[in-house]
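**Q** Single-letter residue listing:
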Amino acid sequence: MTDQQLVHLVGVSKIYDGTPALKEIDLYIRRNEFLTLLGPSGCGKTTTLRLIGGFEQPTTGKILFDGRDISSIPPYKRRVNTVFQRYALFSHMNVFENIAFGLRIKKMDEKTIRAKVGKMLDLVNLTGFETRSVDSLSGGQQQRVAIARALVNEPEVLLLDEPLAALDLKLRREMQHELKNMQKQLGITFVFVTHDQEEALSMSDTIAVMKDGEIQQIGTPEDIYNEPRNAFVAGFIGESNIVDGVMHEDKVVEFAGQVFDCVDGGFGKMEPVDVVIRPEDVKLVQPEEAKLQGVVKSVTFIGVHYEMIVQAAGIDWLVHSTLMEPVGAKVGMLVAPMDIHIMKKVSFG
Amino acid sequence: MNRTRPMLPYMVWMTIFIVVPLFLIVYYAFTSTEFNGVALTLDNFRRVFQPVYMKVLWRSVKLAVVSTAVCLFVGYPAALIMAGNAFSRKNTVIMLFVIPMWMNFLLRTYAWLTLLERSGFVNQFLARIGLPSLNILYTDSAVVLGMVYNFLPFMILPIYSVLSKIDRGVLEAAADLGANKVVTFLRVILPLSLPGVISGITMVFMPALTTFVISRLLGGGQYTLIGNLIEQQFLVVGDWGFGSAISMVMIILILISMAVMSFFEDGEEGRALW
Ligand SMILES: Nc1ncnc2c1ncn2[C@@H]1O[C@H](COP(=O)(O)OP(=O)(O)OP(=O)(O)O)[C@@H](O)[C@H]1O
Ligand SMILES: [Mg+2]
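Residue numbers (the numbering used here), protein chains in the order written: chain A, 2 to 350; chain B, 14 to 287.
For the record, the hints were derived by calculation from the structure and aren't laboratory data. Take the hints with a grain of salt, since some may be wrong.
Said to hold, decoys possible - Computed spacing ranges between beta-carbons, pair by pair: (1) Gly-182/B with Arg-173/A: 18 to 24 angstroms; (2) Glu-25/A with Gly-97/B: 32 to 38 angstroms; (3) Gly-182/B with Glu-215/A: 22 to 28 angstroms; (4) Tyr-17/A with Met-20/B: 33 to 39 angstroms; (5) Gly-97/B with Ser-92/A: 18 to 24 angstroms; (6) Ser-92/A with Met-116/B: 34 to 40 angstroms; (7) Gly-182/B with Asp-70/A: 49 to 55 angstroms; (8) Ser-92/A with Phe-118/B: 33 to 39 angstroms; (9) Gly-182/B with Leu-187/A: 23 to 29 angstroms; (10) Arg-173/A with Thr-105/B: 27 to 33 angstroms; (11) Tyr-17/A with Leu-203/B: 51 to 57 angstroms; (12) Thr-105/B with His-178/A: 41 to 47 angstroms.
The C-beta atom is built at its ideal place from N, Cα and C for all residues, glycine as well.
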């Protein structure tokens, strides 16, 4: 890709008292990109942000900003602002002064400050809260003050550490929308951290899926969802059935005691693999129409569709379907060859 | 209500040890014993406002203010260093300040008496390195030194405890928003530590204003602060009326200074609300 690389982590590791939190990460962030770090708790997302923000020094490797090594530049000189995971608001200041903090340090005149802070308050839906003390705000309101306080400085890169975690679903959707809009309008590069795969898929230009201090896969939301590189990514992005299989030859795989056609190749003969099947790709048919037969064990209605567990070949399969089959019904399960994703086995942990 | 029951012993305690003595002070201050009984009088207060005694009062306030200021300027940086230290070393430094407090207050002050003597340790040391001797014993300076020495922990500990509770994340947020170390100190650390400063000032100023032991030992026999004056009236002269009147004036002084301090505290909160 030829787009400009704004931030570049080159072989960055971070070791805390002998335990690695990041292992030789290589990651570049393009200008104006919305990049999301996605991964389970403790995988090193916050650590990555803290390295970019300058609050930690990499144990090995370097961080380039606009091609320049910034390892020795203190946080207050970096053109980066952070929305902290734990807000870190100034409890001795009211909402207005919290948001104005960065502008006051830049010695802007009062009129500009008022205008900018006013605009931010409007953006985060907190107009009228100017004089409230931050301790009197709800968690979600505090989180929005933290977002406004960072964003008002119009940094080149904004680091957001789970900035929407404390909001209810409706406000969360709204803020997702607003943040995405602002990012496009202001031309700010966002590095966004979340646990929530739906949030990651809907907002990001690029997603980096992390686990145990390593990047598992990096790519567009479509790539990551449709072509997960390993069973971990598949399991983390969306729900999946992940079962053991064996590759007989290219485009032929055996799992659940049956041999199926698929579209993947390039594996060794009889190589053990992970087979990943999305619950929405399973079609329930009459038992005699399919190779795989099972019994419905449970049915839950979750809004758009039914979520069913079907037991077949000693495995519990998660199936999404708009048609309901009663518990105890015998069903057949069909999966199109292109929906059978084959992944190399990797050892985790 | 069943909440009043557990309060009862407390109330009795308060009455015996605080309310009754206060009442007695007020009683003695406003009465004089004549041949034919007890009479109401303002004479005791008239005497307090004589120039001799006003001078003592002024000197007490002055020395208390100076000692408090010195404690603040020495104690704040000390508390800052302690709060900034790594955990393991933190406790050692705190212990350095706390251990002397376990020793008897009188002993500690006596120690200074011998240290500061004409041929005491300090002067021997100064002579050894060829400096002129220091004769501050029995002066204001010695009394201030004694007060600072004895009361410094009361300044450091409240400031330290507020400083050490400041979330590191808040300091990182300040750095993130462009504040260097100095700006972070002035705009974040200092305002957040004000409650500690205020309670430190209160905890040093009050005992400094009322001390009579430090001034007696390090100021010499003739040296009189308001505390000494009260002590003399009760224990030497036996004029309980006059002693009580001075005590009342001192209590009022303390109440005023507390009101001033709490005004500052409220002011801070008021500003935060604004
Ligand atoms: N200051 C520190 N000292 C020691 N270990 C640390 C420190 N900070 C983080 N770690 C460890 O590094 C690992 C990565 O932590 P990090 O905070 O980056 O995770 P995270 O992905 O942000 O998790 P979460 O989603 O729970 O916020 C964890 O195992 C954590 O315990
Ligand atoms: Mg985190």
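**Q** Taking the hints in turn, state whether each one holds.
**A** These are the hints, each one checked on the structure:
With their beta carbons about 23 angstroms apart, Gly-182/B and Arg-173/A fall inside the hinted range of 18 to 24 angstroms. For the hinted restraint 32 to 38 angstroms between Glu-25/A and Gly-97/B, the CB-CB distance of approximately 33 angstroms keeps it satisfied. Taking the beta carbon of each, Gly-182/B and Glu-215/A are about 26 angstroms apart, inside 22 to 28 angstroms as hinted. As the Cβ distance of Tyr-17/A to Met-20/B is approximately 51 angstroms, the hint placing it in 33 to 39 angstroms is violated.
Range check, Gly-97/B to Ser-92/A: about 20 angstroms between beta-carbon atoms, so the 18 to 24 angstroms window is met. In this structure, Ser-92/A and Met-116/B meet the distance hint of 34 to 40 angstroms, their C-beta atoms being roughly 38 angstroms apart. One distance hint, 49 to 55 angstroms for the beta-carbon pair Gly-182/B and Asp-70/A, is violated here, with the actual separation near 26 angstroms. Remark: the range hint 33 to 39 angstroms for Ser-92/A to Phe-118/B is upheld by a beta-carbon distance near 37 angstroms.
At about 25 angstroms, the beta-carbon gap between Gly-182/B and Leu-187/A stays in the expected band of 23 to 29 angstroms. Against the hinted window of 27 to 33 angstroms, the Cβ-Cβ separation of Arg-173/A and Thr-105/B comes to about 48 angstroms, which falls outside the hint. In this structure, Tyr-17/A and Leu-203/B break the distance hint of 51 to 57 angstroms, their C-beta atoms being roughly 31 angstroms apart. Distance hint check for Thr-105/B and His-178/A: the Cβ-Cβ separation is about 54 angstroms, which falls outside the suggested range of 41 to 47 angstroms.
The structure does not agree with the numbered hints 4, 7, 10, 11, 12 stated previously, though it agrees with the rest.
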